[in-house]
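Each protein sequence line maps, in turn, to chains A and B.
With the working numbering applied, the first sequence closes on residue 201, and no number is skipped along the way.
With the working numbering applied, the second sequence closes on residue 171, and no number is skipped along the way.
Among these hints, one or two may not hold up.
Straight-line Cα separation of at most 30 Å, DSS-like style, residue types lysine-lysine; simulated pairs [claimed, not checked]:
no.	chain 1	residue 1	chain 2	residue 2
1	B	4	A	122
2	A	18	B	110
3	B	79	A	139
4	A	18	A	44
5	A	63	B	83
6	A	177	B	83
7	B	98	A	34
8	B	98	A	177
9	A	122	A	18
10	A	44	A	34
11	B	98	A	167
12	A	34	B	4
13	B	98	A	139
14	A	147	B	98
15	B	83	A	139
16	A	122	B	79
17	B	52	A	63
18	A	177	B	79
19	B	98	B	83
20	A	44	B	83
21	B	83	A	122
22	B	79	A	147
23	A	34	B	52
24	A	63	A	139
Keep in mind that the hints were calculated from the coordinates and are not lab data.
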Amino acid sequence: MSAERWKDDEALLESLRKGTPGAVDELLRLYQGKIFNLAMSILKNESDAEEAAQDVFMTVIRKADTFQGNSAFYSWIYRICVNTCLMRLRGKRRNETVSIEEFMPVFTDEGMHASPMDDWSKEVERDALNEELGQMIRKYTEELSEKYRVVFVLSDVEGLSNEETAKILGLTVPAIKSRLHRARLYLREQLSRYLLEGKAG
Amino acid sequence: MNCKELAYMLADYCNGSMDPRLREELDDHLSRCEPCMAFTKTFRATCEGTRKLREAIEYAIPAEVRERLGTFVRAAALKYPEKMREYRDQIERDRREKVADLVSAATAGKLSSASALLMESHCAACPECSGYFDALRSTGTPPAGDPPAGIRSHLIALMQALPPGEEFFLA
């Protein structure tokens, strides 16, 4: 994270604690887009994300003066957001997500690739911003169970480091790396099936 | 290194954080294994594709949601300090009452055995508190007003040292 953001956050936290007029406006200006985006990525539903965002901001305002400051302010806010969203998901019957195991690469007992590999990388590079392909990637990302999706969203969408993501989720760095890798392997496999089927059809 | 191991090392390989000796070994495997080459290229393309789509999968906050959320949070934030003050006043009133009860129970010798013990050992070490209570006991009249701030904070600490649910005076 940039030093500038760090400074902004420090000043914001200080003014929230003091109850300076305009502090809440500044909090909203800096974070409402990010929090809504993160809540949407996890909850995938606009009204749920809106309610979650309300809860997140109320928690931040209530707890600003007890925030310890041993982690960065933004990572504290993200953590509140992730916890709020996961609690909401637990309260609901969640949609059946695709099993990630089914989409892990398959190897023989000797650890060799069990099936032939097609190289479709050129197609993706060429069409990376193609709308249909974009839709597919988005769909596959949303199909990930929340365990993987949250990690994937924080690191690949929010651009946080593994260390930052680990802190927010209260997991170890190796656990983050492993989930992230599995999420990517899953996406590769899904894309592979999608592109090859498209070719066959 | 076999194909399976290679597949699980790709994250470090792609982000450049891999140990150079392992990288050499991996490159060597890649140069001899066509499926792994295809796998690696498509894995990289997947990561690249999702990274490029970062902007596209951003859920922009709709204007009306922004509006509603802002109104809600601002209104709640304004009410919050008021509510907080109410709670704090309530706590302060309760505490003042308890301190007064403790002082009169101590003066009248009606402390429970646990709190009498606590009070005794505290007063033995604290001239301020023992002086205060000695004076009260000698006159035998309940004190007017709150005890001085220093003594008050000691008494609060004493009450907090009691086990939860335990009353500090005899019924």
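Results of checking the hints against the structure:
1. About 23 Å separates the Cα atoms of residue 4 of chain B and residue 122 of chain A, which keeps this hinted pair within 30 Å; it holds.
2. Note on residue 18 of chain A and residue 110 of chain B: the hinted pairing is violated, with a Cα-Cα distance of about 44 Å set against a maximum of 30 Å.
3. Among the hinted pairs, residue 79 of chain B with residue 139 of chain A is inconsistent with the structure: their alpha-carbon atoms are about 41 Å apart, more than 30 Å.
4. Taking the CA atoms of residue 18 of chain A and residue 44 of chain A, the gap is near 35 Å; set against the 30 Å cutoff, the hint is violated.
5. Restraint check for residue 63 of chain A and residue 83 of chain B: satisfied, since their Cα atoms lie roughly 14 Å apart, inside the 30 Å limit.
6. Taking the CA atoms of residue 177 of chain A and residue 83 of chain B, the gap is near 44 Å; set against the 30 Å cutoff, the hint is violated.
7. A C-alpha spacing of about 47 Å is found between residue 98 of chain B and residue 34 of chain A, which places the hinted pair above 30 Å, so the restraint is violated.
8. Taking the CA atoms of residue 98 of chain B and residue 177 of chain A, the gap is about 54 Å. The hint is violated against a cut of 30 Å.
9. Restraint check for residue 122 of chain A and residue 18 of chain A: not satisfied, since their Cα atoms lie roughly 55 Å apart, outside the 30 Å limit.
10. A hinted pair counts as satisfied when its Cα atoms are at most 30 Å apart, and residue 44 of chain A with residue 34 of chain A qualifies at roughly 14 Å.
11. Restraint check: the Cα-Cα separation between residue 98 of chain B and residue 167 of chain A comes to about 42 Å, which exceeds 30 Å; the hinted pair is violated.
12. Between the alpha carbons of residue 34 of chain A and residue 4 of chain B the distance comes to roughly 37 Å, so the proposed pair goes past 30 Å and is violated.
13. About 61 Å separates the Cα atoms of residue 98 of chain B and residue 139 of chain A, which puts this hinted pair outside 30 Å; it is violated.
14. A threshold of 30 Å between alpha carbons decides the hint, and for residue 147 of chain A with residue 98 of chain B the separation of about 49 Å lies outside it, so the pair is violated.
15. As the CA atoms of residue 83 of chain B and residue 139 of chain A are separated by approximately 44 Å, the hinted pair breaks the 30 Å bound.
16. Annotation: proposed proximity of residue 122 of chain A to residue 79 of chain B is violated, straight-line Cα distance about 57 Å (limit 30 Å).
17. For the proposed pair residue 52 of chain B and residue 63 of chain A, the alpha carbon gap of about 36 Å is over 30 Å, so the pair is violated.
18. Our distance criterion of 30 Å between C-alpha atoms is broken by residue 177 of chain A and residue 79 of chain B, whose separation comes to about 43 Å.
19. Pair hint residue 98 of chain B plus residue 83 of chain B holds up; C-alpha atoms about 23 Å apart against a cutoff of 30 Å.
20. For the hint linking residue 44 of chain A to residue 83 of chain B, the alpha-carbon distance of about 34 Å lies beyond 30 Å, and the restraint is violated.
21. For a cut-off of 30 Å, the pair hint linking residue 83 of chain B to residue 122 of chain A is broken: about 61 Å separates their Cα positions.
22. For the proposed pair residue 79 of chain B and residue 147 of chain A, the alpha carbon gap of about 36 Å is over 30 Å, so the pair is violated.
23. Proximity of residue 34 of chain A to residue 52 of chain B is assessed by CA-CA distance (about 18 Å); at most 30 Å being required, the pair is judged to hold.
24. Distance check on the hinted pair: residue 63 of chain A and residue 139 of chain A sit about 36 Å apart at the alpha-carbon level, beyond 30 Å; violated.
Hints 2, 3, 4, 6, 7, 8, 9, 11, 12, 13, 14, 15, 16, 17, 18, 20, 21, 22, 24, counting from the list given before, are not met by this structure.
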